[in-house]
Amino acid sequence: MWFQQNILSILIWLPVLGAITTLLTNSDRTARLVASSFAIVNLLLCVPLYLGFDSSSFALQFHEKRLWISAYQIYYAVGVDGISLTMIILTNFTGLLVILAGCQAIKLRVAQYMAAFLVMQGMMIGVFAATDAILFYVFWEGMLIPMYLSIGMWGSSNRNYAAVKFFLYTFLGSILMLIALLYLYNQTGSFDIQHYYGLHLSMPIQKAIFFAFLLAFAVKVPMWPVHTWLPDAHTEAPAGGSVVLAALMLKLGIYGFLRFSMPIVPEACAHLAGLMIVLSLIAIVYIGLVAIVQTDMKKLIAYSSIAHMGFATLGCFMVYDILHHASAHQDAYMSLEGAVVQMVSHAFGSGAMFLGVGILADRMVSHSRLIKDYSGVAARMPIFAAFFMLFAMSNVGLPGTAGFVGEFMVIMSAFQTHFSVALVASLTLILASSYTLWMYKRVFFGPIMNQEVTTMQDLNWLETTNYVLLAIGVFLLGLYPAPVLNVLHATIGHLLSLSMPA
Amino acid sequence: MAIAAAVALLPLAGALIAGLFGKKIGRSATHWVTIVLVGAAFLLSCYLFAVIVLLGHPPVEGVLYHWVVSGPFNFDVAILLDHLSATMLFIVSFISFMVHIYTIGYMADDPGYERFFSYVSLFTFAMLILVLANNFLLLFFGWEGVGLVSYLLIGFWFKRESAVDGGLKAFIANRVGDVGFILGIAAVLTYFNSLDYHTVFSQATHLLDTTMPLFPGIHASVITVICVLLFIGAMAKSAQIPLHVWLPESMEGPTPISALIHAATMVTAGIYMVARMSPLFEYSPAALSLVLILGATTCLFMGFLAVVQQDIKRVIAYSTISQLGYMAVALGASAYDAAIFHLITHAFFKALLFLAAGSVIIALHHEQDMRKMGGLAPYMPITYLTFAIGALALAAIPPFAGFYSKDAIIEAVHLSTTPGAHYAYFCVLAGAFVTPLYIFRALFLTFHGKKHYEGTVYESPWVVLIPLIALAIPSMIAGGLLIGPMLFATPRLLGSSIFVLPQHNVLATLAEDYQGAQMMAIHASQTMTFWLALLGILTAWLFNLARPQWADSLKKRWSYLYHILVEKYGFDKFNQIVLVHGSRRLGEFFYKVCDLLMIDGLFVNGSGRFIRFFANKGRRLQTGYLYHYALAMLIGLAILLGWFVLGL
Numbered sequence: 001m002w003f004q005q006n007i008l009s010i011l012i013w014l015p016v017l018g019a020i021t022t023l024l025t026n027s028d029r030t031a032r033l034v035a036s037s038f039a040i041v042n043l044l045l046c047v048p049l050y051l052g053f054d055s056s057s058f059a060l061q062f063h064e065k066r067l068w069i070s071a072y073q074i075y076y077a078v079g080v081d082g083i084s085l086t087m088i089i090l091t092n093f094t095g096l097l098v099i100l101a102g103c104q105a106i107k108l109r110v111a112q113y114m115a116a117f118l119v120m121q122g123m124m125i126g127v128f129a130a131t132d133a134i135l136f137y138v139f140w141e142g143m144l145i146p147m148y149l150s151i152g153m154w155g156s157s158n159r160n161y162a163a164v165k166f167f168l169y170t171f172l173g174s175i176l177m178l179i180a181l182l183y184l185y186n187q188t189g190s191f192d193i194q195h196y197y198g199l200h201l202s203m204p205i206q207k208a209i210f211f212a213f214l215l216a217f218a219v220k221v222p223m224w225p226v227h228t229w230l231p232d233a234h235t236e237a238p239a240g241g242s243v244v245l246a247a248l249m250l251k252l253g254i255y256g257f258l259r260f261s262m263p264i265v266p267e268a269c270a271h272l273a274g275l276m277i278v279l280s281l282i283a284i285v286y287i288g289l290v291a292i293v294q295t296d297m298k299k300l301i302a303y304s305s306i307a308h309m310g311f312a313t314l315g316c317f318m319v320y321d322i323l324h325h326a327s328a329h330q331d332a333y334m335s336l337e338g339a340v341v342q343m344v345s346h347a348f349g350s351g352a353m354f355l356g357v358g359i360l361a362d363r364m365v366s367h368s369r370l371i372k373d374y375s376g377v378a379a380r381m382p383i384f385a386a387f388f389m390l391f392a393m394s395n396v397g398l399p400g401t402a403g404f405v406g407e408f409m410v411i412m413s414a415f416q417t418h419f420s421v422a423l424v425a426s427l428t429l430i431l432a433s434s435y436t437l438w439m440y441k442r443v444f445f446g447p448i449m450n451q452e453v454t455t456m457q458d459l460n461w462l463e464t465t466n467y468v469l470l471a472i473g474v475f476l477l478g479l480y481p482a483p484v485l486n487v488l489h490a491t492i493g494h495l496l497s498l499s500m501p502a
Numbered sequence: 001m002a003i004a005a006a007v008a009l010l011p012l013a014g015a016l017i018a019g020l021f022g023k024k025i026g027r028s029a030t031h032w033v034t035i036v037l038v039g040a041a042f043l044l045s046c047y048l049f050a051v052i053v054l055l056g057h058p059p060v061e062g063v064l065y066h067w068v069v070s071g072p073f074n075f076d077v078a079i080l081l082d083h084l085s086a087t088m089l090f091i092v093s094f095i096s097f098m099v100h101i102y103t104i105g106y107m108a109d110d111p112g113y114e115r116f117f118s119y120v121s122l123f124t125f126a127m128l129i130l131v132l133a134n135n136f137l138l139l140f141f142g143w144e145g146v147g148l149v150s151y152l153l154i155g156f157w158f159k160r161e162s163a164v165d166g167g168l169k170a171f172i173a174n175r176v177g178d179v180g181f182i183l184g185i186a187a188v189l190t191y192f193n194s195l196d197y198h199t200v201f202s203q204a205t206h207l208l209d210t211t212m213p214l215f216p217g218i219h220a221s222v223i224t225v226i227c228v229l230l231f232i233g234a235m236a237k238s239a240q241i242p243l244h245v246w247l248p249e250s251m252e253g254p255t256p257i258s259a260l261i262h263a264a265t266m267v268t269a270g271i272y273m274v275a276r277m278s279p280l281f282e283y284s285p286a287a288l289s290l291v292l293i294l295g296a297t298t299c300l301f302m303g304f305l306a307v308v309q310q311d312i313k314r315v316i317a318y319s320t321i322s323q324l325g326y327m328a329v330a331l332g333a334s335a336y337d338a339a340i341f342h343l344i345t346h347a348f349f350k351a352l353l354f355l356a357a358g359s360v361i362i363a364l365h366h367e368q369d370m371r372k373m374g375g376l377a378p379y380m381p382i383t384y385l386t387f388a389i390g391a392l393a394l395a396a397i398p399p400f401a402g403f404y405s406k407d408a409i410i411e412a413v414h415l416s417t418t419p420g421a422h423y424a425y426f427c428v429l430a431g432a433f434v435t436p437l438y439i440f441r442a443l444f445l446t447f448h449g450k451k452h453y454e455g456t457v458y459e460s461p462w463v464v465l466i467p468l469i470a471l472a473i474p475s476m477i478a479g480g481l482l483i484g485p486m487l488f489a490t491p492r493l494l495g496s497s498i499f500v501l502p503q504h505n506v507l508a509t510l511a512e513d514y515q516g517a518q519m520m521a522i523h524a525s526q527t528m529t530f531w532l533a534l535l536g537i538l539t540a541w542l543f544n545l546a547r548p549q550w551a552d553s554l555k556k557r558w559s560y561l562y563h564i565l566v567e568k569y570g571f572d573k574f575n576q577i578v579l580v581h582g583s584r585r586l587g588e589f590f591y592k593v594c595d596l597l598m599i600d601g602l603f604v605n606g607s608g609r610f611i612r613f614f615a616n617k618g619r620r621l622q623t624g625y626l627y628h629y630a631l632a633m634l635i636g637l638a639i640l641l642g643w644f645v646l647g648l
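In order, the protein sequences belong to chains E and R.
So in this note's numbering the end of the first sequence lands on 502, straight run, no missing numbers.
So in this note's numbering the end of the second sequence lands on 648, straight run, no missing numbers.
Keep in mind the hints are simulated off the structure, nothing from the lab.
One or more of the hints may lead you astray.
[Said to hold, decoys possible] With a straight-line cut-off of 27 Å between C-alpha atoms, the simulated DSS-like cross-links for lysine-lysine are:
| hint | chain 1 | residue 1 | chain 2 | residue 2 |
| --- | --- | --- | --- | --- |
| 1 | E | K372 | R | K617 |
| 2 | E | K372 | R | K573 |
| 3 | R | K555 | R | K372 |
| 4 | R | K592 | R | K451 |
| 5 | R | K568 | R | K556 |
| 6 | R | K556 | E | K372 |
| 7 | R | K568 | R | K555 |
| 8 | R | K568 | R | K372 |
Small disclaimer: the values here were computed from a predicted structure and weren't measured.
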C-alpha cells in the first residue's frame, strides 16, 4: 500500500537519487551502469502505475498531499489523470533511451552528463504530476537548469549563444505565468490548480491571464513566432538533449494549455481560439516550407517538430469551433485526443530521428550534421537506413506508423470546423514528405561522395536496442492506439466539460 | 473471413521473413518462402473467388479489431469480401504470383535480391488490404502502403540518382493526391459520422440536397465535394492528367515491379476506388463528368506521347496512363463494370508486355533504348510471340482480350449522357488509332528490321518464360470469356458491389444488342474502331519498317509539334519551375527573411542589443568619480528644494 500511495514521489525522486549516486561513482563505466539501471527501474515502475490507473475515472489518482509552506498554503501535492499518466510513461521511456544513447555517444564527463539527464527526467515527471501551482512552477523552472547545462557543456560550437537564447526565451515566458498564478492565488487563497477551475472571472481578466499563460506555453511548444530558440537549441544540444527537447520539453507547452489555459480561462480560450488556429496553421505551412530548405539535419528535424506541434495546438483549440457546430461534447473528443496522441507519436518519430543524426555525426571525424557531407549512407549502413526509413515514414505520417494517428484525428476534426482549415492542415501531407524524404534521399541514397562514409560501421547492439524499442513504439501506436486512447477518454471528457464557456 | 484475412497476411509473413532474415536464410530460401506464401494466397483467392463469385455465396464482412474509438467515432480494421473484392483478390494475387516467379530470373545477379522479394511481398499485402477494406480508413492504409512500396521499389537501385529521384517524385505526386483523398475521407466522416462503406452508401440519398461551404461565399453539394476530393486521390494513384507525371519516372525501377505495380495493380487502385464508390459517384453528375473529361484527355494525349518515346519501358508506361484514361472514361460513363473489365484484361496484357520487354532488356544486358534493338524476333521467339500477343490485345484486335473491354468502353461512352460524353467519344475513338500505332512501333523497332546491337542474344530462361506464357493465355481468351458474365449477364459478375442509377445504365442498353462474344468478334469488321486499329498498325509499319525516312521528314516538317510531344506538354518543366523551385524559394524567404532577419534579428537579438545599448548609455553615468556623484546629488537637491520651497 505504501508503494501504491507514494509511487509518484518515487518516480520523481528516484532519478534524482540516481543522479547523486552516479556523481559518486569513480569510473565512466560504473556511471553508465548505474544511470542505466536507475532509468530501467523507473521505466519498470510505470507498469504498476499504468495497471493501477482506473481509466474510467477522470479524478486525479495516486494522489499525495503534504503541507510544504504553511504560510501560503503551498502543498507538495502530486497526482495523475489520463493525460499526465501518458506523459509520465513517455518521459520514462524517453529517459531510458537518452541514457542508453548517452552511454554510447558521451565520452567526456560521463557521470555529470548522466546526472543531468536523470535530474531532468525527475523534474519533468514532477511537472506532469504536480497538482500544486507552486510545485509545478518549481519543477517547470528546475528542469531548465540541467537542460541549460547539457547544451552549454556537451553542445557543439555555437553552444553558448544557443544555451543563453534557450534559457532567456523560456524563462521570460514563464515569469508571466508566475504572475498569473499569483493573481489566481489572490483570488482563491489556494495554490491547488483544481481550485482555479470554474472561477468565472471577467473577460478582461481572463484575457490577461490567457496571454500570460500563452507566452509561457507558446514558447515551449513552440508556436510561431516565438519558435526561433528551438532550431538553435536543437542544433547545438548533444543528441540526447535534442531528444529530450523534442520528445518531452515541447509537450510541456501543450500540457500547459490543457492543464491551465483551457480549464481556467475557458471564455478567453473560446474567444481567442481563432487566433490560436491561425498560429497553428502558420506553424504547419510556414514552418514546413522553412524545413524544406534547411541544410543542417538537426535544424530540419527541429523545424519539422514545430510543424508537428502545430497539429497538437490545432487539435486543442479547434474544440471550441467544433462544439459551436455540434451539440454534444463527444464530437470534440477526437480533436483533443488527436492532439495528445500527436504529442506521443511525435516523441517517437522525432526522438528517433534526432538519435539518428547523433549516430551519423558520431561516425564522422568532423561530427558534421550538414546534409551535403553525407550521401549513399544506405550502402554502408543498411540496418540503420531501414530503421531510419521507418521513422522518417512516421514523421511523414504514413498509416500504420505512430505519426499517422494524431494527424489523421486532427484532420478529421478540422473538417468539422471548416473546409479551409482542413485544407491548409492537410498540406502537411505534401510538406512533411517533401522535407523528410528529400533529406533522406540526400543522406542515404545516391553514390558515396565523402570518403568518410565508406568507413562507417552499421549500428552496434546498443544503438540497435534503442531503435528496436522505438520501432516497437512506432508500430504499436500506429497499429493499435487503443491502449493509449482508452486511458484518455475520461480525462478528455472532463477537461472538455471544464473548458466549455458557460 | 479468416481465409480472406489469411490471403492478405500470408504475403506479409513472406515480406517479414525475407526482410528480416533474408540475408541469413539465403537467396533460394528467400524466394521459396515468399513464392510459396504468395502462391498459397493465390490458391486461397481462387477458392474465395469460386465461393463468392461463381457459387454466389453472400458477401462476408467482419471486424478484425477496433483501431480507434473516439467520441462518437469508431474506426475499425475490418474487411469486406464481396464480388468486387473477390475478383480483385484473384487478379492481384495471380499477377503477383507470376511476378514473384519471374523475379528469380530477372533479379538473379542483383545484390538486393532478398530485399526485392521482401518489398514485392509487402506490396502484395498492402494491395490486398486496399482491396479487402470495408471502410475508408483501411482503404487509406492500403493506399498509402502501396505508395510506400512503390516509392521504395522505384528507388530500388538507390545508388542511381535518377531512380531515387523517380521514387521521390512518385511519392510526392501521390501525396498531392492524398491531400484530396484524406479531405474526402474527412468529408465522409463529417457528413455520415462513419467511414464504413455500408453505412455511408446506404445513407447517400439523404444528403442529395445538402450543400456545404467551401470558401467564403462558395457553397457546393456535399456529394459532389466528396466525390471530387476522392477522385483527386485517384488521379494521383491512377496517373490522370495532371498528376500523371510520376508514372513515366517510375520506370527507373526494376521491370518486374513496373509490371506488377505500375501497370497491373497499384495504378488501377484509383479505378477500383471509384468503382467501389459508385453509390456516391452516381449521385454526382458533376463528378462523373469530371472523371469522364479528365479520363478522355488522359487517354488521348498520353497516347500521343507514347508515339515519340525511345525507351521501350516508357512507351509501355505512357500506354498504361492512356489505358487508365480509358478506364476512367468508363467510370465517368457509369459503366463501372466495363472499367473493372478493362482493368482485368489490361492487367493481363500489360503485365505481359512489361515482362516481355523485361525479357528483351535482360537479353540485351539492361539496354532499354529501342534504337539499339531491332531484329530480335528470330533469337527470342517466345518473347516475341508473347509480346505480339500483348500488343494485339492492347491494340484491341479481335478476338484478343483488349478488344472486348475497349470496345465495350467505346460503345458505352457513345451511349452515355454524362456531360462531356461527345468529347470523350472522340478521344477514345482517336485513341483506338493511336494505341496500335505506338505499340506496334515498339514491336517493329524491337523485334523487326535491322540489328542495332552488338554480340549475340539468347532467349531468356524458363523462369522468365513461364510467367510470359501464363499471362499470354488470359491475354488471348479472358476478354471473350468474361465479357458476357461481366457486362451483359443478369446479374453481372460484380453483382451488387456496383450501383448504377437506371438512367445511367448504358450497359443495359448495350446488352440488348449483345449476341455473344463470337458474334461480337465477327461483327468487329463493321465497326469503325476495328478499321482505326488496323490503320494504326499499318501506319506503324509504314513509318518504322517500310519507309522509315517518312518519319524523319515528318519530324522535320512538324518540328514544333514533335518538340511539344518530346517535352511532354511541359508538365515536368512547369512542376519543376513553379512548384519545386517556387516552394523552395518561399521556404528560403520565410527562413532567411522572416525567421532570421525579422524574428531573430529584429526582436530576439534586437532586444538583446536594445538592452545592451541602454546599459552602455547608463554605464556612462556610473563613472566612479566621487565628484560626479556629488554634483548629481547637488543638482538633485537643488531641484527638490526648488520644488518644495518655491512651490513650483
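Results for each hint:
{"no.": "1", "hint": "E:K372 <-> R:K617", "in the structure": "45 Å, violated"}
{"no.": "2", "hint": "E:K372 <-> R:K573", "in the structure": "25 Å, holds"}
{"no.": "3", "hint": "R:K555 <-> R:K372", "in the structure": "20 Å, holds"}
{"no.": "4", "hint": "R:K592 <-> R:K451", "in the structure": "57 Å, violated"}
{"no.": "5", "hint": "R:K568 <-> R:K556", "in the structure": "18 Å, holds"}
{"no.": "6", "hint": "R:K556 <-> E:K372", "in the structure": "44 Å, violated"}
{"no.": "7", "hint": "R:K568 <-> R:K555", "in the structure": "16 Å, holds"}
{"no.": "8", "hint": "R:K568 <-> R:K372", "in the structure": "23 Å, holds"}
Hint violations for this structure: numbers 1, 4, 6, all remaining hints satisfied.
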